[in-house]
Amino acid sequence: MSETAPRPSPEALLAEAAQEGRGRLKIFLGAAPGVGKTYAMLEAAHERVREGADVAVGLVETHGRRETEALLAGLEVLPRRAVAYRERSFEEMDLDALLARKPGLALVDELAHTNVPGSRHLKRWQDVEELLAAGVDVYTTVNIQHIESLNDVVEQISGVRVRETVPDAILAAAAEIELIDLPPEDLIKRLNEGKVYLPEQARRAVHHFFSPGTLTALREMALRHAAERVDRQMVDFMRAHAIAGPWPARERVLVCVDERADALRLVRVAKRAAERRGAALIAATVETPKSYALSDADKDRIDGAMRLAARLGAETAILEGDDVVAAVLGFARERNVTQIVVGRARPGRWGFGKAVTDRLIAAAGQINVLVVGGGPDKPPPRPAAPRRGDGLGYGLALAAAAAATLAGVAVDRAGLPIANISVIYLMAVLLAAMRAGRKPAIAASLASFFAFNFFFTEPRRTFAITDTQNILTVVLFLVAAVIVSNMAARLRAQMETSRESARRTHNLYEFGRKITAAATEDDVLWAVVHHVAATIGGKSLVLTPEDDGGLAVVAGYPPEDRLDDKSAAAAEWAWGQGKVAGRGSETLPAADWLFLPLATGRGRIGVLGVQMTDGADAPSAAQLRLLETLADQAAVAIERTALVTDMEAAKVATERERLRAALLSSLSHDLRTPLVSILGAATSLVSYDAVLDPGSRRELAQTIQDEAERLNRFVQNLLDMTRLGAGALEPKTDWADLADIVRAAVDRARRIARRHVLKVEIAPEMPLIRVDAVLIEQVVFNLVDNACKYAPPGTVVKIWAKPSDGEAVLEVVDQGPGIPPEDREKVFEMFYRVRQSDSQSGTGLGLAICRGVVEAHGGTIRVDEGIHGVGAAIVVRLPLPEAPPLPEAQA
Amino acid sequence: MSARVLVIDDEPQIRRFLRISLSANGYAVGEAETAAAGVAAARAEPPDLVVLDLGLPDRDGQEVISEIRGFSAVPIIVLSVRADEFDKVEALDRGATDYVVKPFGIAELMARVRAALRARAPADAPEVVTAGAVTVDLSRRVVRRDGEEVHLSKKEWELLALFARNPDHVLTHRQILKEVWGPAHVTDTAYLRVYVNQLRQKLEADPSAPMLLVNDPGVGYRLRLGD
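Top to bottom, those sequences are chains C and X. -19 is the number of the first residue of the first sequence in this note's numbering; add one for each residue after it. 228 is the number of the first residue of the second sequence in this note's numbering; add one for each residue after it.
Any given hint could turn out to be false.
Unchecked claim - When the alpha-carbon atoms are kept at most 27 Å apart in a straight line, the in silico DSS-like pairs for lysine-lysine are as follows:
| # | chain 1 | residue 1 | chain 2 | residue 2 |
| --- | --- | --- | --- | --- |
| 1 | C | Lys712 | X | Lys405 |
| 2 | C | Lys782 | X | Lys429 |
| 3 | C | Lys739 | X | Lys429 |
In short, the hints are calculated from the structure, not lab data.
Using the sequences and the hints, build the whole thing.
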């Protein structure tokens, strides 16, 4: 540790500065619903209003409590924003309105609230963050069970799982926390009086939740949280003002984690020690330059211990420094640690070896040091550093020495001084050290020395050492061999680490790319199992819950659809607990598969199962780390597709609803109108037969005929539409003469077009086409029918067709009002009519059918302007097939 | 003297208006409600023409056609629904004389009835058939248009002769192809289209608006003699 005067830590000063310009957050913290947080907040707000502050209510839930509502009166309440989701309407705080209004102080109730999807932020605390960032002071309320770090404890105590949580950081950043306290007896009394509003999930567990025991526990948690906060503030103050501790405020236990085999046990012991003293636990590990040389297994052990510590609620820290003792003690003083827990020294190891432990105890000063005895501590066999096979290494060493000898002979023959020869031998030793490791390098240095001695030093051809300089040579060779081989080994380890890290990054990148590219849930699942299987070189599968709550395999690579009972139990456990289970884990390790939960911030999605190929090995800790990251990414991707599917389904449902409504209105109008005429005319004929003159009788009969035909057309359209909609429309194509088809349609349309002039022009060179003649005839009929509906009587409706560029082009052109460009696509939608009017007998189906039929033939249909911009032209293009095989003789 | 028409249909309203209209046109009308009753009536008292609804409650109308054809060559006019070209084609292939699509105007039905009865007229195989300006002499194999002889290829003649032997009678693609080109070619409709076009070019006053060889979309062709 340096001896310079303590300086304020820069982070602490920065954090304090960041508070300026931001709004101040005040939190009204309660132990349970009904203690009166909202009431207290409103009272405080009134106080501020009296002081002249600009106060606006962003959102306050009164839950119908009269006293609360009364308090709301007199405050400016911003209207809420209605958000539609899944065809229901929800009310949310209007964040944008509030930001635009920018009051001095905003009231935002229930900090833990989850916003309806489609809002800007997922959570209300994020809204509050934005307000604070905009410089608005915020008053808000929250119950202790919503605090992230206490979430599981609350669940244990109350049996109620709270899904809406607020990160501890929000509370930590609050300028002020007011604890709203109400003794449990009073709260239960209020509950019995019906004065407590309960959220839905709490209502089910009301008796348990509102038992005196639970309430007392929650109350104590709230009180302690508030007290801890005061404590933290004091530490912050100390850091900001560079006051060195420890000040005995609240006890802190620091556990030092290294790569020892019983690191997990050490952490647990420290946790119990901390609990007994009511102290907070901090787990720290020190990274020194030597840490690079740790094996993967060592690193994984440290990681595992740190993760366990985090799970046990400890704060974790990674310290850096050359000296373990200095780093630990510096950190401990900074954090006011009262006790340091270390493992018992083990000889000859880095980390907390004997010397380290002794120095730590000596330098700890006021801080207690607890040295924990070893468990069944067998240091794991250190895996051999990756190097060439030993035989090969020694071979290389001897070859290097031999080569140096040959080079030495050449130098010697050249008559150069033998000092040069020793340098050549040094090169050989260095080479062996770099490429083959320490022992072969030592072998090389010995071999070199003897060879040098034997061949080149006087007296030659003997091993006699006459010169002290030669002794120095052998020592120098040995030293060089050890230093270089150590350096090379470290370098190799570092290279291996960074190569491993690059592989891992590449793997994750690849995976991200694959699952981003997958559009459907099936695609994502497949990408996940495929990638995971490839990564671990084994099998992989994904299970998701079914409607009945059981898990089912939804994807597997290689495909797998059943699990044995043990594995299924492990999968269920992993799913239920949200933790890793199965082979190689701490739960149900007898299973063949290892299961990792797939979870996102919004909940669990399923589990990922993995199995190494031979069915015996569990994934290594490094693989497990990678798998956990993959599982996280996979969960997010699966959730994304689920959301997309939901949205698609909602869109389809809306469209279906619109069609249904249109169909109903069409049916009631288009079916009934002709029936009214038919019934009217028929009853006239029946009732007034005697008094009607032949002309009137004929006219009435004609009406019946016309309207019945209209009804028939409508029914035909409905039937065609049903066939199109059911996907049953498969054109039964055959060779056909377009002229014949058009003629048949025109003949049939004669009566409805009797007030128009129909002109048909089919190019004589039009080849045979391959279509379903009946359907295309219906298309032409509908187009003519449509033209006659909109074009005024007496005008020309022209139907012409010619071949063009491998297509048969058919146009029906009228001289009516035309179709405005913006409607030209919509006219092909079902039940769409350009002009909504009763007088037109259009059903809005005719053109939709045309499009359906034409597209089923691989053709296109669109609307254009008529000739010289007058009227509308509907253009149908059908692909022309190759000419049919024709019979032998043409004459 | 008046021809007897047997109506087989299960809808009383349809039977009623057919009875009224056919009687008004001077035909004697018999009625049957089911397939069984219809076949029995056709056997017991052979009619000159049968009007048959394909949708009957007890059996498929198609079977009724085959059954009647088992003992009688009486013309059968089928009532069918528009959407089912296959029904029509099947009925014709089974031996029905003609079809009318429901819903239909009475004038259309009457025209078909008259044509069907005419084809059955005593001069069973007329040597010369006249359709508009065209005369076809079946025994001498001569075709004239406005008095001038028209030269036809062998296949064209065979095709025209087939139509002339069944005037005013819809022939399905399959029937024509089988008759003229042989059973191996029943699906080669392109042949048929081409030859019909060639015949039209030689016989019709305006080949682009044919009046003699008319098309029934999806079903077949007929030679129209003109009413």
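Given hint Lys429/X paired with Lys782/C - CA-CA distance at most 27 Å: 23 Å, holds
Assess, step by step, whether the Cα of Lys712/C is no farther than 27 Å from the Cα of Lys405/X, and give holds or violated. Roughly 20 Å between the alpha carbons, so the hint for Lys712/C and Lys405/X holds.
For the pair we were handed, Lys739/C and Lys429/X, check the Cα-Cα distance against 27 Å. 24 Å, holds
Of the numbered hints given earlier, the model fails none.
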